[in-house]
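My request is simple: use the sequences and hints to build the entire structure.
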Amino acid sequence: MDVIIGLEIHVQLATRTKLFCRCRADYFAAEPNTLTCPVCLGMPGALPVPNRKAVEYALRVAFALGSEVQPRSQFDRKNYFYPDLPKGYQITQRAVPLAVGGELVYLLDGEERRVRIRELHIEEDAGKLIHTPDGALVDMNRCGVPLVEIVTEPDLRAPREAREFLRALRTLLRHLGVSNADMEKGELRCDANLSLSQDGELGTKVEIKNLNSFRGVERALAKAAQAQAEPLSRGERVMQATYGWDETRGELLLQRQKEEAHDYRYFPEPDLVPLELSPEFLAQVKEGMPELPWARRDRFVSQYGLSARDAEVLLAEPTLADYFEQVAAGVGDGREAANWVLSEVLRYWREGPPVPAGELAELIRRVRAGRVSRTNAKQVLEEAAEGGRSLLELLESRALEQVSDEEELRRLAREAIAAHPQAAADFRAGKAQALGFLVGQVMRATRGRADAKKLSQILRELLTE
Amino acid sequence: MSLTETLTALNQKELALADVVASLWKRIEEREPEIHAFIRLADPEALMRREEALSSQPLRGLPIAIKDNLTTVDLPTTCGSKSLSGFRPPFDATCVTRLKAAGAQVQGKTNLDEFAMGSSTEHSAFGSTRNPCDPDRVPGGSSGGSAAAVAAGEALAALGTDTGGSVRQPAALCGIVGLRPTYGRVSRWGLVAFASSLDTVGVLARTVRDAALVLSIIAGHDPKDATSLPLPPHDYTENLETKDLQDLKIGLPREYVPPGLSPAARGLVDRWCQALQELGAEVVEISLPLTEYALPAYYLVSSAEASANLARYDGVRYGLRVPGELMAEMMAATRTAGFGREVKRRIMLGTFALSAGYYDQYYGKAQRVRTLIAREFEAAFQEVDLILGPTSPTPAFRLGEKADPLSMYLSDVFTLPSALAGLPAISIPGGEVEGLPFGLQLIAPRLGEEKLLRAAYALEAALSA
Numbered sequence: 011m012d013v014i015i016g017l018e019i020h021v022q023l024a025t026r027t028k029l030f031c032r033c034r035a036d037y038f039a040a041e042p043n044t045l046t047c048p049v050c051l052g053m054p055g056a057l058p059v060p061n062r063k064a065v066e067y068a069l070r071v072a073f074a075l076g077s078e079v080q081p082r083s084q085f086d087r088k089n090y091f092y093p094d095l096p097k098g099y100q101i102t103q104r105a106v107p108l109a110v111g112g113e114l115v116y117l118l119d120g121e122e123r124r125v126r127i128r129e130l131h132i133e134e135d136a137g138k139l140i141h142t143p144d145g146a147l148v149d150m151n152r153c154g155v156p157l158v159e160i161v162t163e164p165d166l167r168a169p170r171e172a173r174e175f176l177r178a179l180r181t182l183l184r185h186l187g188v189s190n191a192d193m194e195k196g197e198l199r200c201d202a203n204l205s206l207s208q209d210g211e212l213g214t215k216v217e218i219k220n221l222n223s224f225r226g227v228e229r230a231l232a233k234a235a236q237a238q239a240e241p242l243s244r245g246e247r248v249m250q251a252t253y254g255w256d257e258t259r260g261e262l263l264l265q266r267q268k269e270e271a272h273d274y275r276y277f278p279e280p281d282l283v284p285l286e287l288s289p290e291f292l293a294q295v296k297e298g299m300p301e302l303p304w305a306r307r308d309r310f311v312s313q314y315g316l317s318a319r320d321a322e323v324l325l326a327e328p329t330l331a332d333y334f335e336q337v338a339a340g341v342g343d344g345r346e347a348a349n350w351v352l353s354e355v356l357r358y359w360r361e362g363p364p365v366p367a368g369e370l371a372e373l374i375r376r377v378r379a380g381r382v383s384r385t386n387a388k389q390v391l392e393e394a395a396e397g398g399r400s401l402l403e404l405l406e407s408r409a410l411e412q413v414s415d416e417e418e419l420r421r422l423a424r425e426a427i428a429a430h431p432q433a434a435a436d437f438r439a440g441k442a443q444a445l446g447f448l449v450g451q452v453m454r455a456t457r458g459r460a461d462a463k464k465l466s467q468i469l470r471e472l473l474t475e
Numbered sequence: 015m016s017l018t019e020t021l022t023a024l025n026q027k028e029l030a031l032a033d034v035v036a037s038l039w040k041r042i043e044e045r046e047p048e049i050h051a052f053i054r055l056a057d058p059e060a061l062m063r064r065e066e067a068l069s070s071q072p073l074r075g076l077p078i079a080i081k082d083n084l085t086t087v088d089l090p091t092t093c094g095s096k097s098l099s100g101f102r103p104p105f106d107a108t109c110v111t112r113l114k115a116a117g118a119q120v121q122g123k124t125n126l127d128e129f130a131m132g133s134s135t136e137h138s139a140f141g142s143t144r145n146p147c148d149p150d151r152v153p154g155g156s157s158g159g160s161a162a163a164v165a166a167g168e169a170l171a172a173l174g175t176d177t178g179g180s181v182r183q184p185a186a187l188c189g190i191v192g193l194r195p196t197y198g199r200v201s202r203w204g205l206v207a208f209a210s211s212l213d214t215v216g217v218l219a220r221t222v223r224d225a226a227l228v229l230s231i232i233a234g235h236d237p238k239d240a241t242s243l244p245l246p247p248h249d250y251t252e253n254l255e256t257k258d259l260q261d262l263k264i265g266l267p268r269e270y271v272p273p274g275l276s277p278a279a280r281g282l283v284d285r286w287c288q289a290l291q292e293l294g295a296e297v298v299e300i301s302l303p304l305t306e307y308a309l310p311a312y313y314l315v316s317s318a319e320a321s322a323n324l325a326r327y328d329g330v331r332y333g334l335r336v337p338g339e340l341m342a343e344m345m346a347a348t349r350t351a352g353f354g355r356e357v358k359r360r361i362m363l364g365t366f367a368l369s370a371g372y373y374d375q376y377y378g379k380a381q382r383v384r385t386l387i388a389r390e391f392e393a394a395f396q397e398v399d400l401i402l403g404p405t406s407p408t409p410a411f412r413l414g415e416k417a418d419p420l421s422m423y424l425s426d427v428f429t430l431p432s433a434l435a436g437l438p439a440i441s442i443p444g445g446e447v448e449g450l451p452f453g454l455q456l457i458a459p460r461l462g463e464e465k466l467l468r469a470a471y472a473l474e475a476a477l478s479a
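Line by line, the protein sequences give chains A and B.
Positions 11 to 475 (the numbering used here) are the ones given, in order, by the first sequence.
Positions 15 to 479 (the numbering used here) are the ones given, in order, by the second sequence.
Calculated directly from the structure, the hints in this document are not laboratory data.
Certain hints may be false.
Distance condition first, Cα-Cα at most 27 Å in a straight line; then the derived DSSO-like pairs of lysine-lysine [said to hold, decoys possible]:
| hint | chain 1 | residue 1 | chain 2 | residue 2 |
| --- | --- | --- | --- | --- |
| 1 | B | Lys27 | B | Lys114 |
| 2 | A | Lys63 | B | Lys238 |
| 3 | B | Lys263 | B | Lys465 |
| 4 | A | Lys464 | A | Lys441 |
| 5 | A | Lys88 | B | Lys358 |
| 6 | A | Lys88 | B | Lys238 |
| 7 | A | Lys219 | A | Lys88 |
| 8 | A | Lys63 | A | Lys296 |
| 9 | A | Lys88 | A | Lys63 |
| 10 | B | Lys358 | B | Lys416 |
| 11 | B | Lys379 | A | Lys88 |
| 12 | A | Lys195 | A | Lys63 |
Every value quoted in this text rests on a predicted model; they were computed, and no experiment measured them.
Here it is, written out as structure tokens:
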């Protein structure tokens, strides 16, 4: 039995304003009903005017997926009654979507997999209902926030593939700078269709709505596959159904059985003219495209000599990749920069970098110049990252600058020999470990700041004179 | 006195604004109880008080009547519907903003068929308006209040809206001038939508010059309306006066003089042709064979759009709310109580026309017919400059006479085709039939307002001589 999965993904575009009005679009954490106007509230006589930036962002996604952009697409009305839908219809694209076709290649266990894209279109979001013991309240802040809906072909063959595909899509969206694509915040939402095929024959399709975590996507699909496999193996038929997903209980919730004939009565939105995209505008959007993550990955490998695996980790977050590139430029050595970023910085990485790239580059330079020991450098980095203090200030205040001055080291070595004549005698008598003891004494006196390599060389010189 | 004459008298200090307002209100006291042209009137004292503030503006504070489906912040906007009884819009319609910017004041809100759906102004939740020429008869509709106010001398000029003839037909039935501009010439921002792809803001006035003057103020591109044409403002009063119409070829479609037209009406058409010829124009017979398909196409397209446009009156955010146990019950109860019979009829018709399985047969086909009608006009305008005909097949009918919806719809047969094609057209008084006003209609190609107004101006003079 093969699992066949297709996804419908809603991506919230990170435009400053909404899709058809000038209201601020970042409704997250805003007081309910404060980001509204006559247009997004559907007041009588108000009219929509499309947001150019939203179109541009959607086009970036289309170009990145290699989709075919329609030079003349069209907005349609999707009609249904719901209290969070102020106009009684949603403005979307149905008959002629913004773009069709394309694919996304993602890595599964280091292997390339491709998922074909069916279509991509622009639409407005609805508001939100807030359920209280006294009844439902409605928050219209989200009304009219721009979304891009991406519909895949049923090319995914396992719940895990769906998860990894979504992760890759999130990475792409972040690199394109069009969405923060945070599933927890609802900036990336996913509906999934699943069916089991037996002997090449397609089975009944079930739909799971509103999945809002990567884990949820995988678990819900696994559950749905399991729920289908059992009756099928007994030779029973599967009912067509739509489910919700209870994340905390890890259960599918039956929303409706069979496909209730929802008739949305789509028709062309008469308040808007068709979306005509001139070759000049399309060229301009193409020109403004950021470097795509897969191109960047190849460049990281060739330019900095990184392994594909390291490059992949750095590219998971565009801010991390940018950070790495800044550090690499400051250090003048990509691999060294990658080592530090991946093994030291990453563990302190929260929403952003724990220390500025310039400071980290400076630290790495000092380590490479022998001015700070690697151990001390890591310790200061940890303190700076966790204490939120400036790395360079810490470095100065702790006087961690390595003692590597010849004269100073010679003076310290003489002092140590004078203070421990027995050790000196032992060394001269052929006991090599005695040198280590003397190095340790100097290290203790300098709190580890002495350049150990140079120091042992000097001690050896003095003792064999 | 016409609007233009009143302005001249104000400019020459023969009259003060207070005199004008007082005489209008005297007229209102005399006629309004019988006519009922207004749903709501402004306070005349308040209008008078702004004389000084507005004395340097082009319209010098003169009151203009506004159809009650154009939003105004000063007075409630009801659309003649119980569902919006007492509704105060948060913004002015662009046409109202422009009138105010030119120094006009909102005189009051005129009665209309509910949501502009009708041809008699009998379908208003606030009572019928009567024809000033014969109070037993209707003023036409849906801008019947605006037409009656101007015809009764209660208003100097008024704004109306024309979706399928709602400015021209009442102008014809009341014996005044009614101008429908090219679709997109005047912003629809603040026009409470009935059928978005057909709705236009038009002018009802006593003379062609007055209509041209008001059009000059309200026309021009508006970034708030995506279907507004990117055209600069223009003074339409500039080139009204010409010696003759020798450069014009006028087409008289044989479909606009059908066998059913009364002999008196035919006589008037002959007289118009003769007047045009005397003015030097050439009059030729043409044919617009698709005319008969305009009515079904219009009712399908306009009702389909209306079914979506009126979905927002659900009781959630504004206007009437009838409580219900469940959300859906509240919405259904609100809409049942809020809308009148004709509105419900059209919502049902439009919902049906868009339904899965019927879309192509009804809405889709109607749109194809619409395209063909637009092409038929384009072809005709290759041959002629303007098209002539009656505005409506009959003069004003009696209240309650057209109880059958179809017979009511038929009073718009001559205004619907040009509306479907988005063309500018004007109705001017064309004489009398059975002692009642009978309107003459001229139709121009897209953006042909100048030519249209010049011919109408010349004909107006010739026919009143």
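Hint check results:
{"no.": "1", "hint": "B:Lys27 - B:Lys114", "in the structure": "holds (22 Å)"}
{"no.": "2", "hint": "A:Lys63 - B:Lys238", "in the structure": "holds (17 Å)"}
{"no.": "3", "hint": "B:Lys263 - B:Lys465", "in the structure": "holds (11 Å)"}
{"no.": "4", "hint": "A:Lys464 - A:Lys441", "in the structure": "holds (20 Å)"}
{"no.": "5", "hint": "A:Lys88 - B:Lys358", "in the structure": "holds (20 Å)"}
{"no.": "6", "hint": "A:Lys88 - B:Lys238", "in the structure": "holds (22 Å)"}
{"no.": "7", "hint": "A:Lys219 - A:Lys88", "in the structure": "holds (18 Å)"}
{"no.": "8", "hint": "A:Lys63 - A:Lys296", "in the structure": "holds (14 Å)"}
{"no.": "9", "hint": "A:Lys88 - A:Lys63", "in the structure": "holds (23 Å)"}
{"no.": "10", "hint": "B:Lys358 - B:Lys416", "in the structure": "holds (18 Å)"}
{"no.": "11", "hint": "B:Lys379 - A:Lys88", "in the structure": "holds (20 Å)"}
{"no.": "12", "hint": "A:Lys195 - A:Lys63", "in the structure": "holds (22 Å)"}
Every hint, counting from the list given before, is met by this structure.
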